[in-house]
Structures are given as structure tokens and as C-alpha cells.
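So the chains spell out like this:
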Amino acid sequence: MDAALLEVTGLRVWLPSARGEVEAVRGVDLRIARGETVGLIGESGCGKSMTALALMGLLPDAARVGGSIRFDGHELAGLDDAAMCRLRGQRIAMVFQEPMTALDPLQPLWKLVSEPLRVHRGLDARSARAEALRLLDRVRLPQAAQRLDAHAHQLSGGQRQRVMIAAALACGPQLLIADEPTTALDASLQREVLELLGTLVADAGMALLLISHDLALMARSVARVLVMYAGSVVEEGPAADVLARPAHPYTRGLIAARPRLGAPRGVRLATIPGRVPELADLPAGCPFSDRCGWVIDACHAGLPAPVEIGPGHAARCIRADQLPESARPELVEGLQPQRAGGAAAHPPGLRQAQPDPSAGSGRTGSVNGFGHL
Amino acid sequence: MRRHPSFVAGGVLVALWLTAVLVSLAWTPYPPAEIDIPNKLLLPSAAHWLGTDSLGRDIASLLLAGARTSLLVGVAAVGLGALSGTALGLLAAARRGWLDELLMRCADFSFAFPALLTALMLAALYGPGVSTAVAAIGLFNLAVFARISRSAAGAVWSRDFVLAARACGRNRLQITRDHVLPNIAAVLIVQATIQFAVAILAEAALSYLGLGVRPPQPSWGRMLNEAQEFMFQAPQLALYPGIAIALSVLGLNLLGDGLRDLLDPRLARER
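These protein sequence lines are chains A and B, in that order.
Quick note, the first sequence lines up with residues 1 to 373 if you use our numbering.
Quick note, the second sequence lines up with residues 374 to 644 if you use our numbering.
None of these hints come from the bench; they were simulated from the model.
Beta carbons are placed, not taken as given, at the ideal position from N, Cα and C, and that holds for glycine.
Keep in mind that a hint or two might mislead.
[What the hints assert, rightly or not] Which stretches of chain B does chain A cover? Using the computed rule of at least three CB atoms under 8 angstroms from a CB of chain A, they are:
{"#": "1", "region": "492-505"}
{"#": "2", "region": "541-549"}
{"#": "3", "region": "552-559"}
Excised from the complex, chain B in its bound form (with noise of 0.2 angstroms):
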């Protein structure tokens, strides 16, 4: 773990947004909805740190409350995406057969559809919110792990250790939870911790298009579309909550890789 530099600087970002999501549980310099027009599209200043946006709400507080929004729909997108998925993948990996055919074609039927326009459609049937976001990524994710672990694990079950856990009487179920999982277990790891990212990227930008995260909730990608209308008044105010976007997206590539190499068992070995 020393002296893996892409983990340490993953890890420390992503800890800085931990701790912004943290903090904004318990506080935030200002309520972040609180509409001040007087003070709008003020510049940074001792009052408020990072200036105000548009409506005069104070932006450090639509920031940290924004990293909130990011770490629910990426822990709700990814956890379902990668439950189910996985659950998937393992199945089609023990069964083989017409399932697997089945549902890995499937599989690669849903990734015929961008996830954006998966989202655009389940907007147009449900209306925008955060459910419909989550429920979007969340069904790419889905297609995304279900695809790696089938593959992942696949490649397990041609291994000599399965063949004699069979001799040792284990049945596929057995096998798939004893030794199938756990060696499987860190490609879907490193996979989580980047799919995390592209999940922040994806509610970002579909919250930016006004299908993800309705107002008042704060969202980095809403931020970005309010902003873009005042990009010659005040640039600063897409500046922000880009740099927050672009450092946690950053942080969690730079976790998956440095996991990615801690993880690999040949590495792990000469430890």
C-alpha cells in the first residue's frame, strides 16, 4: 500500500469529498436553497468564501451539499447496478447454456442504448427526479457488471481449484459462493470504484439537462446549467462546480487504479 502514488492521490481526494459530504450533514455556511437576490453573482469574499450564484445563494454551501447529492445517487446507482449485475453475471457463469446466451445478450442490448438515453426515456415515462437518475445509471451499471463478472468469473471456473472443489462433492451454488466470489472479488472492486465516477459524471449530466435532480435539491450538474447562462457575467460560477466534478471523478479513477494493481493477487504475492 506505501508508495502507490495513484492510490494515495485517489484516496485523498475522494476522502476530501467524504469529508465535504460529511460536513455538509451537520453544516453548511449558509442553508443552501436560502435565495438572497440583493446579493447575487457576488465575487469571494470573507461573508461568502467562493461568491453567490445567480439566485444570491452562497456557492461553498451548494458545493459541499451537491458532493451529498453526487455520493447518494453514485452509492444507489452502483450498489444496485453492481448487486444485481453481479448476481447476474455469477449466474450465467455457473449455468452456462442458453441462460448465459440469454442474459449476456441482454446484456449487450442494453448497451446498445446510451444511458442517457435510457434516462431521457425513463424521464419522458416517469417524469425527471433523482429516482429516475439512479434508476438510469443504476440499469447501465447493471448491464456493465453483469458482462465483467460473467467474464471474470468464467475465467475462474476453467481454473483447476473449481474442478477440485467439484471432486470435493461442492455443488455450482457452493462453489460460486466459496470460490468463485472471492476470487472475482477484486476485479468487481476496482470495477465499483470507477464505475462510482462515471455514475457522478452521468447524474451531473443529466442533471445539467434538467433530467436528473429537480431544484431545490443542489446537484454539481445543476449548478453547471444554471451557470451557463451568466458564462460571460460570471464565469466563475461554472468554474466551481466543475473543478468539484472533474477532482472527485479524478479521485475515484486514481483509487480504482491504485486498487487495481494492490489487489492483483501476482503483485499481492510479493509483498
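Extracted from the complex, chain A is given alone in its bound form (with noise of 0.2 angstroms):
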């Protein structure tokens, strides 16, 4: 394998807040390669929004950064916002949470699907307007050449969220990193906006660092994952042996607390006890000691250094191997394996899914978020 094409060493991040200057992120390492797709787990608050802002450079103006961040060979931190300027939207792109908010409402689909050709290729209004429609026909946004003097507002969630990735999308980047980019929609559609993004970048050959809470979106979508806790990677691996065999105590929760299609009536969720740790006052050394129910005193030594767990899987839980066995076969049946760089196979009808562009509003699709695991 050549070179990572992001490689990411001991980043930190501190925040400003009320009680004084905190550290939401604590040295994450992170390694993508060429069209690698990695995922970024965990709950509110745990920093991975953060990590992918840093790695944009675009943490608020307050925020310090720490640690190294290489891109394609050149270090990152410490660049100026000129440079910066240069990469981002040509060769890192990012698709945001909120299609409703991320897209500016008083200009139209052209303008906002061309924006990175027209700052990085200096693209005029005509050939603009060219390539918007291209774009948004690979995104199958039903009647493109129609709608690109529509406004945001005029477009539905699911709508609005291939824009946003249409204008990702637009410079051909070797890196995309989308936060969340189905947390705001409804269910059925977080699968199909899931599936375009997952055959866009597989054509592309782009690498992907997709961040979520949300592990069946993760299993489908990534060839590998970082399961992040309170600004610390606690567990690394491929996405299908971290999801059947977790090892560290906080995956465990997490995929246990997972609701399941068809569990009998009545059967309450399992819940990981207590509640995210406040940043300011994390507990000493393993930041979910206080939460795991495995807990010794070792634990609060220091933070644990990752532990082997199969190959190219580890968690940082000093007691990963004296645990009980965790699989939960069900839970990978029907996965298919991962392509390296690639999203998983589609059905070919999929592929062709024509979205609805009442979408949104009485939708019947009897697919859930976690329907297909």
C-alpha cells in the first residue's frame, strides 16, 4: 500500500467553555488511504464532529488544535486560512448534517452546486451552469434542468442533501468527510441518500470519512471504523469484526443498546448506565471507567494503549481479553463484505432507485434505519 492519504497523529482540540478551556478531542490517531472508507462512531459530544472540523480547518476561531494532520504528503496544522482556502471544496470536500440550514437560501441550485468550480476553477456563469446540471443528474435529482434556478427552500431534505453532496462532489476531491449526512432525514431515506453517496465514491475512488452514531449506517457503508468516547478512539478495526466481536465495554453497550426488528414484546433496551462524562471532569486514566461495569482498579492508571484484538482491530481497554465472548452473529448475517474502498454491493435495482421528489411527505417505505442488519 503507498502512502495514507490522510495520516493523523495525536490531534487534540481544546475548546473554550464556561469552566475554562477543555480538551474535546485527546489524541486521535486516524490513517486513511487512497479511497479507503472509514467511519467515526459515537454519541454527541465525543468529539468526532470536531475531528473532521479540524481536519477541514475549520474550528471555531477560539478552538486550539494539537498534533499532526498530513494530507497527501503536506502537513495541515498550523497552514494558513489562504492555503487552507486552496484544498478545501478542490481536494478535501465535506457534506454537512443540516440540509436545511448548510445551504444558503437566496441563491439558487446552479450557484450552489458550482460553488468549488467557480472558486477553483474560475469557472464563469455558463459553463457553471453546465456542469451544476451534470452534477445534479449524477445525484439524480429528479427534474435537474428545471430546478437550477430553484431555491433551497423549494426542495425537500432529501432533495437538499444531494445538493449538498452534489457540490461535494463537484472538484472530483481525493477526500471526502460527510458528518452526519443522514441524521436529519427520515428513515427510508437515509438509505437511499446512504447508497448514492457509497456509489459515488466507489466510482470516484475517493477515500470517505464518514461520521454518525449510527451503526448499521456504519456496517453498511465503511470497510473500517473508529469508535470514538469522550475525544479518544477506544476501538479501531473493520467495520464487520468490530460490530461482531466488539471488544472494548463502550462498543459493547453501543451495540447492545441497539433496538432490534422482531425482539419480542415488552423486552426493554439495554442502556450503557450513567451518562456521557461532562469534558471538564472526565475520570483519571480510561475516560469510560466510571460508566463499565467491568471496571477494576488498573483502569484509572491512565489512559490504556490499544490492545490487539484481531488483525488490524484493537480497543484501549486493558481487560479486552478476560471479557466474555460478545458476538452477536446476528448482527453481521447478511453483511456483506467490503470492498476495499468500495461500498457494499447493491442490488442493481437500488442503484437505479429513482428518488421521489414528494420525498419527505407520506412516504410509505417499510425500510427503518435498521431494517436491513
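Got two chains here, separate frames each, mind docking them using the hints?
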């Protein structure tokens, strides 16, 4: 394998808060090869979005960053804004969580979609319109030609997310960061948009960093996952391995807490006891120690080093090999093996599925977010 | 736009005022500065529709010509203030940090001085006149527009679509031009109409105090000033310019109110 496209080592992000500066990202190491799809999973506030913004150089002004971010052999940490502007949109692109608010309400679609092209390639209005149409067709926006002059509020949520994806792909970036791209969409649309994203990423051979709190979505979309908790990566490995044999107690808790279709009525969902600790008062040592059922005194000694579980699969838990077997075979049933750098193979019918223009209102699709696992 | 009563009423009043300005450019019943002492303090008649003032000047002609002065001072003062103030506000919002603090504290500082006081100082330095009035009102407007555009732009900068534009590789200048300015334009337009009304009032006040327009240039404020002396002999003299000022200020305020509603994107969506 050639040099990694993105190599993040010891990334730290400090944010100001009412209680002084808190460390939102605590030494994250992340390596993405060219064309590889990687997932970053964790609950709200675990630092996954801050990690993504740090990669883009888009952290709030008051944030401080430490560590190294090497992209395609060049160090990004400490680069000035002008240099970052040349990378953003051209070589690293980002899709945001909220399609409702991430599109300028006053700009027509063709301008929104062609923005990176106009910035980086200096396209004039005519060719920008033509390119915008091509891109909107590529993300299968219905009636794209008639909608070039439409505005964001005239589109449904799923359509807006397609517009955002089209804009992100405009310059053919090498790395696409998708921060919870489907969280704001309803369940039947999530799958459609995700499959579209997977297909486009695979076709263009770009690398994908998918950020989500949805395990099922991860299993479908990426080859490798990193599980984040309170600013640290606590487990990392091939998506199927991590889901089938989660090693870290936190990952186990996350997976146990997923609702299952077909579970008998009245079965309560498993939960992780306690709540996400405030970043300002994390327990000493392992950040998960105060919520963990298997905690021992040694857990408080310091952040555990990664323990090898299997090939390419490691967890930051000193007791990883002493914990009971946790395989959940039903979780991985039907999961297709991931091609390196590609999305899972989909039935051809799904690939060509045309999105419903009235999406979002009155859809009766029976697929829900978890149904396909 | 249809059935927005205050927008329509304001529009009609402002249109009347603009018509007066246009008419005054081509024609007034008498030359507005023409003194005709034998015919002073006449009541309205066929020859002098609104009568004559203490120097025998035709009041209708003075009012028409005074509208021109109001418009001139209003456009110049609001234009200067809005352009430079908005530029500074946008700069402060885009740059943040010490520059933002400095500019905004300067704006606060200038608010501490009423426009009238500024005009007094300027008049003491450069003598009264139209340009003194424009400079004083313009300076006041600059601070108003700097504050308003700074806070409106600050709100736009924290929106997700600005982050998305930055993720596309846009720099701060381009984002200010393409995303921030269009999104605060409605606020600025509404504010401009209201500041216009303030400027007319301020011009009248300055001229009334003798700090604004110099004779023989007609001005509603100066007409009020001159009417004061004849308050008991000819009270109608103060009435006409007073009504003209009140109606044009009311019209601009109503227009501003209407525009605020019509340009509100949340309401626009339902149209």
C-alpha cells in the first residue's frame, strides 16, 4: 500500500467553555488510505465533529489545535487560511449534517452546486450552469434541468442533501468528509442517500470519512470503523469485526443498546448506565471507567494503550481479553464483505432507484434505519 | 405586496414627496426665493395657493423646493453613512478579534454624542451649511449602519451555510460578498428607509437651529424657524412645513415597516 492519503497523529482540540478550556479531542490517530472508506462513530459530544472540522481547518476561532494532520504528504496543521482555502472544496470536501441550514437560502441551485468549481476552476456563469446540471444529474435530482434556478426552500430534505453532495463532489476531491449526512433525514431516505454516496465515492475512487452515531449505517457504508468516546478513539478495526466482536465495553454497550426488529414485545432496550461525562471532569485513566461494568482499580492508572484483538482490530481496554465472548452473529448476518475502497455491493435495482420528488411527505417505505441488518 | 396597508400608505406618501421633488425641478408657481414684501403674510388665495410668508415668498413654491433639500440631504447623508458604515460592519464581522472590538467601541463612542452636538461642533469648525448638515447626519448614520451590519453579519457568519461555503474553499472576502451581504440586505434596506426619515427630521432640526441649510436655499426646517417669529400673527406659517415634515417622515417609517415584513424570508416563503 502506498503512503496514506490522510495521516492524523495525536490530534488534540481544546475549546473554551464556561469552566475554562476543555480538551474535546484527546490525541486521535487516524489513517485513511487512498480510496478507503472509514467510519467515525460515537455519541453526541464525543469529539467526532470537532475532529472533522479540525481536518478541514474550520474549527471555531477560539479553538486550539495540537498534533499533526498530514494530507497527501503535506502538513495541514498550522497552515494559513489562504492555503487551506485552496485545499477545501478542491481536494477535501465536506457534506454537513443539516441540509436545511447548510444551503444559502438566497442562492439558486446552480450557484450552490457550482460554488467549488467557480472558486477553484474560475468557471464563468455559463459553464458553471452546465456543470451544475451534470452534477445534479449525477446525484439523481429529479427534473434537475428545470430546477437550476430553484432555491433551497423549494426542495425536500433528501433533495437538499443531494444538492450538498453534488457540490462536495464538484471538483473531484480525494477525500470526502460526511458529518452525519443522513441524521436529519427520515429513515427511508437515509438509506437512499447513503447508497448514493457510497456509489459515487466508489465510482470516483475517493476516500470517505463517514461520521455517524448510527451503527447500522456504518456497517453498510464503510470498510473500517473507529469508535470514539469522550475525545479518544477507544476501538478501531474492520467494520464487520468491530460489530461482530466488539472488544471495548463501550462498543459492546453501543451495540447492545441498538433496537432490534422482531424482538418480543416488552423487551427493554439495553442502556449504558450513567451519562456521558462532562469533558471538564472526565474520570482519571480510562474515560469510560465510571460507566463500565468491568472496571478494576488498574483502569484508573492512565489511558489504556491499544490492545490488539485481531488483524487490524484494536481496543483501548486493559481487560479486552478477559471479557466474556460478545459475538452478536445476528448483527452481521446479511452483511456483505466490503471491497476495499468501495461500498457494499447493492442490488442493481436499488442503484437505479429514482428518488421520489415528493420525498419526505407521505412516504410509506417499510425500510427503517435498522431494518436492513 | 398586495394588501400590506402600511407598505401601501407609506409608498403613497413617499411617492407624493418624490413627485413634489420632481415637479420642483421643472416648475414652481413662483421662484421660491422671490421676495415680495407688499404681499407678505397673505392667506391662501388663487394667486398664492398656500399664502405667502413674512417676506412675501410663495409658500407652495417654498414647500416644493424644500422637498428637494430634504431629499438631497437625506440621500447624501444616508448614502454616505450606509455605504461606509456597512463596509466597516462587514469588515468587523469577517475579521473579528481586536479590529472588531476597536470599530465597535468607536461606534459606541460616537453614539455618546447626539447628532445635534456633532453638528454644532462641525458648524463651529466649518460654518453652517448643507455640507455640515450632511456630514453630521452622515457620521451619525455611519455608526448606526456599522452596528446594525456588524450584528446582522455576525448572525449570518454563525449559520451553517457559511461553514459550507468555507468548506467549498471560499475565503472571508468572497463569503462576505456572496453570502453575508445578500443575507443582510433586507435588514439594511429597511434600516435605510427609517434612517432616511431620521435624516429629514435632523436636517429640519439643524436648519431650524440655523446650523443647516443657509438662506436663500429653501428648507422645511428653516421655514419653521422663520415662522416662529410670527407664531401669533400667522400661525399657518408653521403648520405647512410641519405637516410636510410629519407626512414625509411618517411615509418613510410606514414604508420601512412594510418592507421589513415583505422582505422577511420567513414570510416570503409563504407567498
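Which hint numbers does the structure go against, in order from smallest to largest? Of the numbered hints, just 1 does not hold.
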